[in-house]
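Fit chains B and C to the given chain A structure using the hints.
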Amino acid sequence: MSSVESVPPPNLVAPPRRRGRRSSLRSWRRGDQLIFVLAWTAGVALCLITASIIVFLAVKGVAYLSPKLLVTSPSAAVNQAQSGGFLDPIVGTVTLAVIGTLIATPLAVISAIWVVEYGRPRWLVGIVETSIELIAGTPDIVIAIFGLALFQLGILAPLSFRSTGGGVYGRSFLAAGIMMSLLALPLTYTATRNGLRAIPRHMREASYALGKTRITTIRRVLLPSLRPHVATGAVLGMGRIIGDTAIVVVLLGATLQNSPENGVPLLGFLRGTGSTLSSYIYDNSPAGEGNAPQKAYAAVFVLVLIIVALNAIVGRVSRIGVHASAGTGRLSR
Amino acid sequence: MSGARAVLERLRKPWSDNRAERMLGAVACLTALSIVAMVVFVAQRAWPTFSHDGLSWLGSGGNLDNQIGAMVSTPANPPASAFVFHAWPLIYGTLLTAVFAVVLGLAASILTAIFIVDFAPPAVRRLMTPVIRLLASIPSVVFGLIGVLVLVPFVGNDLIGAGQKASVANVIQLTGAGLLVSVVILTVMITPIMTALITDALGSVPRSWHEGAVALGLNPLRATIAVSIRAIRPAIISAAALATARAVGEAIMLSMVSGGVSFTPKFQDGVIFLFEPLRTLAEEIVQQSEGLSAPALRSSIYSIALLLLFSGFMLSIASRLARMPLRKYELSS
Amino acid sequence: MRKPRRRLIAALAVTAALLLPALAYAATTTISMSGATASFPLIELLTHKYTQIKKGHVKFKVSQGGATVGIQDAATGKVNIGDSSRPPASTDPTGLFFYPIAKYFVCVVTNPANPISNLSAAQVAQIFTGKVRNWSQVSGATATGTIDVYTRTSVAGVLTTFQNTLLGGAKVSSVASQQASEGLMQNAVSKDPNAIGFLSDYFALAKGINAVGYNGVGCSVANVVSSSYPGFSDFYEVTKGKASGQVEVFINWIQHSPVAKKIIETSWIPLNP
Numbered sequence: 000m001s002s003v004e005s006v007p008p009p010n011l012v013a014p015p016r017r018r019g020r021r022s023s024l025r026s027w028r029r030g031d032q033l034i035f036v037l038a039w040t041a042g043v044a045l046c047l048i049t050a051s052i053i054v055f056l057a058v059k060g061v062a063y064l065s066p067k068l069l070v071t072s073p074s075a076a077v078n079q080a081q082s083g084g085f086l087d088p089i090v091g092t093v094t095l096a097v098i099g100t101l102i103a104t105p106l107a108v109i110s111a112i113w114v115v116e117y118g119r120p121r122w123l124v125g126i127v128e129t130s131i132e133l134i135a136g137t138p139d140i141v142i143a144i145f146g147l148a149l150f151q152l153g154i155l156a157p158l159s160f161r162s163t164g165g166g167v168y169g170r171s172f173l174a175a176g177i178m179m180s181l182l183a184l185p186l187t188y189t190a191t192r193n194g195l196r197a198i199p200r201h202m203r204e205a206s207y208a209l210g211k212t213r214i215t216t217i218r219r220v221l222l223p224s225l226r227p228h229v230a231t232g233a234v235l236g237m238g239r240i241i242g243d244t245a246i247v248v249v250l251l252g253a254t255l256q257n258s259p260e261n262g263v264p265l266l267g268f269l270r271g272t273g274s275t276l277s278s279y280i281y282d283n284s285p286a287g288e289g290n291a292p293q294k295a296y297a298a299v300f301v302l303v304l305i306i307v308a309l310n311a312i313v314g315r316v317s318r319i320g321v322h323a324s325a326g327t328g329r330l331s332r
Numbered sequence: 000m001s002g003a004r005a006v007l008e009r010l011r012k013p014w015s016d017n018r019a020e021r022m023l024g025a026v027a028c029l030t031a032l033s034i035v036a037m038v039v040f041v042a043q044r045a046w047p048t049f050s051h052d053g054l055s056w057l058g059s060g061g062n063l064d065n066q067i068g069a070m071v072s073t074p075a076n077p078p079a080s081a082f083v084f085h086a087w088p089l090i091y092g093t094l095l096t097a098v099f100a101v102v103l104g105l106a107a108s109i110l111t112a113i114f115i116v117d118f119a120p121p122a123v124r125r126l127m128t129p130v131i132r133l134l135a136s137i138p139s140v141v142f143g144l145i146g147v148l149v150l151v152p153f154v155g156n157d158l159i160g161a162g163q164k165a166s167v168a169n170v171i172q173l174t175g176a177g178l179l180v181s182v183v184i185l186t187v188m189i190t191p192i193m194t195a196l197i198t199d200a201l202g203s204v205p206r207s208w209h210e211g212a213v214a215l216g217l218n219p220l221r222a223t224i225a226v227s228i229r230a231i232r233p234a235i236i237s238a239a240a241l242a243t244a245r246a247v248g249e250a251i252m253l254s255m256v257s258g259g260v261s262f263t264p265k266f267q268d269g270v271i272f273l274f275e276p277l278r279t280l281a282e283e284i285v286q287q288s289e290g291l292s293a294p295a296l297r298s299s300i301y302s303i304a305l306l307l308l309f310s311g312f313m314l315s316i317a318s319r320l321a322r323m324p325l326r327k328y329e330l331s332s
Numbered sequence: 000m001r002k003p004r005r006r007l008i009a010a011l012a013v014t015a016a017l018l019l020p021a022l023a024y025a026a027t028t029t030i031s032m033s034g035a036t037a038s039f040p041l042i043e044l045l046t047h048k049y050t051q052i053k054k055g056h057v058k059f060k061v062s063q064g065g066a067t068v069g070i071q072d073a074a075t076g077k078v079n080i081g082d083s084s085r086p087p088a089s090t091d092p093t094g095l096f097f098y099p100i101a102k103y104f105v106c107v108v109t110n111p112a113n114p115i116s117n118l119s120a121a122q123v124a125q126i127f128t129g130k131v132r133n134w135s136q137v138s139g140a141t142a143t144g145t146i147d148v149y150t151r152t153s154v155a156g157v158l159t160t161f162q163n164t165l166l167g168g169a170k171v172s173s174v175a176s177q178q179a180s181e182g183l184m185q186n187a188v189s190k191d192p193n194a195i196g197f198l199s200d201y202f203a204l205a206k207g208i209n210a211v212g213y214n215g216v217g218c219s220v221a222n223v224v225s226s227s228y229p230g231f232s233d234f235y236e237v238t239k240g241k242a243s244g245q246v247e248v249f250i251n252w253i254q255h256s257p258v259a260k261k262i263i264e265t266s267w268i269p270l271n272p
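Chains as they are written, first to last, in numbering that gives the first Met the number 0: chain A, 0 to 332; chain B, 0 to 332; chain C, 0 to 272.
Rather than coming from a laboratory, the hints here were simulated on the basis of the structure. All of these numbers come straight from a predicted model, not from anything done at the bench. Think of the CB as a built atom: it goes at the ideal place given N, C-alpha and C, for glycine as much as any other residue. A hint or two may mislead.
To be verified - Label-pair restraints from in silico Cβ distances:
(1) C:A15 with A:L222: 27 to 37 Å
(2) A:S72 with B:A161: 41 to 51 Å
(3) A:A197 with C:E43: 53 to 63 Å
(4) A:L24 with B:R229: 17 to 27 Å
(5) B:N156 with C:A88: 17 to 27 Å
(6) B:N17 with A:T129: 18 to 28 Å
With the rest of the complex left out, here is chain A:
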């Protein structure tokens, strides 16, 4: 119907995305209006709940936190209300995070590289991917109880402590740390795998064209570009480890102060028992016997601060990673 020559020229610049005149709310059906209200309620409620949790913890934490608590060890008495701080739990948390991440990160990176770069036989790849997915879905309490069964084997006595009656104690920093690595593994694996898939093909092809083998390509070309993804995954895993309580309660021996096993400086500490911030909080809550809710609030404040810091690091690192590996990426060091 319209004449041909009045076709307007194509608009090459996309118009800015504007809401435009949205359909008036009043014209909607009742059900849709209800859902609209509910959606707003849900979104606002989520923000409000988070805000109230953070504010509540901050208020209580600041009320009870004093710098002295951060540098004194817990008192030896069962009742924690009187004296003592939580230096040992902080040391314990850091130790477990370090051990768990140190074990999980190489395992996850190597697995991801093998799955994406090599990936044969295919049935084996399926098994590995399914296993990691299953590990991600396993409750932490089952991992803890498996750890107890594993580390009470006679062979693994050097990792904890053997009582003269012949029974292996099975609880130590090493035991808990190794099991914690299972928690961090899926997160680091997923981040690394996504990072590998995001690297454009031409980088690998350029390296092959220069005559490099696949393993050299991986080592010199891909790994440097993976750094931000591995870092993101490692920090995510660290956050998960720091927040976990079940494995600590079962596998760390529940002594308030870190008690090393024998005289050897580092190995004795790792073979010994102790506590972390999360088990300290659990013990000082009404579910445990410390009977010191104020200390629990203070410890929660420190723990949430650490987690907020880790979240900020993840946000920062993943944004840097997106900028760095976008476009051409980098060859070699």
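Only chains B and C this time, still in chain A's reference frame:
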């Protein structure tokens, strides 16, 4: 010494691709091995209970606390009667809390996802990502602390009337720790995970699909529901499976707020049903993790762990099966 | 020197530096213990003092879990010594030796907002077996409403002592809410105005909780020494087979040394006055 030096030299030379593939594959298979080891260890220790009880393990019968009490004092070679264990109250408690929490959480997260993608002003939308990530990374022990120090006294003192307490006085004691607090906190714990996944998926639906629906005359909300939500059904299913796995495996938070009595809350009690205490499978493992020397108790606890492990596997398989017919709607991987 | 060998020597040097203190260190013995939560405060004090006296050559690992758990752990060899707050029972494994170290007693406790000074034996039996469920039926109580009864889990030795001495052998009703340790019981009773429970003396005589007399006799050390208060028992150290080596030295020290006796006297009753 020269032999050692030769080995070191060989390791420093660039690896052949075959050797690298085998080495990396071996490490990747370690992860698969850990899941297999988990199943083997847990099943081996759980076997005595199943061989004595068979399927009646899943049923109800007798006071569970008494059965566990009897198990702790058994000698080294316990008679068959010592293994009697009917876990139904625990299974029922786990199902109650998990199902309620997942249903409520799914509704809340879909609504929140719609809010974030469609209705939120840009500033609020930018705010929601860190908020959700923060809420998702708060450890369960912190939720448990808030629950036991704030919510449980509130429910126990302000919501439950003295008359209600008296009406069930001959069977159970209502202290505020029970179904209501457990479900509320569990919902708050699993909603952020689901919201993040569903929002991601909703945002990756091509905008043109939505605009096509609006062009046909639907209002924007109905277009979202009819088109986008339908399109991301696989993501919703996997989010629900992930959240269910988390809810079923939650031990620490529930051990603080669920009341810790192996009692089956009854619907016919009316409003009091919400206040009745219960106990879940994962909680039981945490509570009994110290007394594992008694063989009967040890195999009962490991049998609970085996059940949790299998439920995790089943959820994984079920979510894959449920997503298969929806594969034709899949957008991108 | 080529790089690999230099790194090797450096690694060997670091390892030697770490191990040297271990070689120079005289052998330490570690004694592991587990069991009763009622005796835990006493054991903590005793083990600390003993470690000081032995200048660190003997170390301890103490965990809890309840008297029966301690007995089971000792029987299976998981720990060297089990702490028990009850005498041996017929259901215990054979081959165990029980060494008494101190006497303790059990008090019925209520919340400070409900300061009952005394309950008769009949009243205690009725409340704890669930026959009386409301505070209005208990004379002398200021609380109103349902009685919240708290008890211990079945692994507790204090539960056995309480049932045998103050309840006449009856069992606590299944209505009662079970607490896993003395500390948890103390928390529960001190936070619930309608609560009633029972605690060993270290926890019952602390601030923030009301200890109730029994049949007109107050719950105190003096009354137990004079044998007018019936609710007492002994703490035992349990070993598999006769105690030997450092374990035997430790138990002997607790039973006979005047230093240990002074520690016991702070909150408990020594066996050799």
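Going down the list of hints, with the structure as the test:
1. C:A15 with A:L222: 27 to 37 Å: 34 Å Cβ-Cβ, so the 27 to 37 Å window holds.
2. A:S72 with B:A161: 41 to 51 Å: 45 Å, holds
3. A:A197 with C:E43: 53 to 63 Å: For E43 of chain C against A197 of chain A, whose Cβ atoms are near 55 Å apart, the range 53 to 63 Å holds.
4. A:L24 with B:R229: 17 to 27 Å: With a Cβ separation near 23 Å, L24 of chain A and R229 of chain B satisfy 17 to 27 Å, so the hint holds.
5. B:N156 with C:A88: 17 to 27 Å: 40 Å, violated
6. B:N17 with A:T129: 18 to 28 Å: 26 Å, holds
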